[in-house]
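Engineer: Sequence:
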Amino acid sequence: MTMNTNTDSTIRQIEFELEKAEHGMGLPYDTERVGQLRKMLIEARKQKLSAGLAAMRRRDRRGAEEDWR
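When you line the sequence shown up against the numbering used here, it's residues 17 to 85, in that order.
Please note that a few of the clues may not be correct.
What the hints assert, rightly or not - For lysine-lysine, the following DSSO-like pairs were computed, each having C-alpha atoms within a straight-line distance of at most 30 Å:
| no. | residue 1 | residue 2 |
| --- | --- | --- |
| 1 | LYS64 | LYS36 |
| 2 | LYS36 | LYS55 |
| 3 | LYS62 | LYS36 |
Honestly, the hints are just simulated from the structure, not real lab data.
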């Protein structure tokens with residue numbers, strides 16, 4: 017749960033930074049920064065998905081082990 021919360025807040029923070037970079041917020045549009053933030057967001061989402069899938073696999077293994085008992 018803590019990992020998901022941390023990952024969620026990281027993703028929200030990157031999304032906010034990306035929104036600021038894309039829409040200026042008083043600063044000139046920085047193509048390089050926008051690209052960097054998009055890559056960071058993609059990586060953070062991949063990590064969250066991987067962690068979720070790993071947790072499901074662990075849960076499924078535990079369930080299968082209990083079925084055999």
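Engineer: Verify the proposed pairing of LYS64 with LYS36, using a straight-line Cα cut of 30 Å.
Structural biologist: 23 Å, holds
Engineer: Hey, LYS62 versus LYS36, does the alpha-carbon distance stay inside 30 Å?
Structural biologist: 22 Å, holds
Engineer: For the pair supplied as a hint, LYS36 and LYS55, is the alpha-carbon distance within the 30 Å limit?
Structural biologist: Given that 30 Å is the threshold and the Cα spacing comes to 15 Å, the pair holds.
When each numbered hint is compared with the structure, no violation occurs for any of them.
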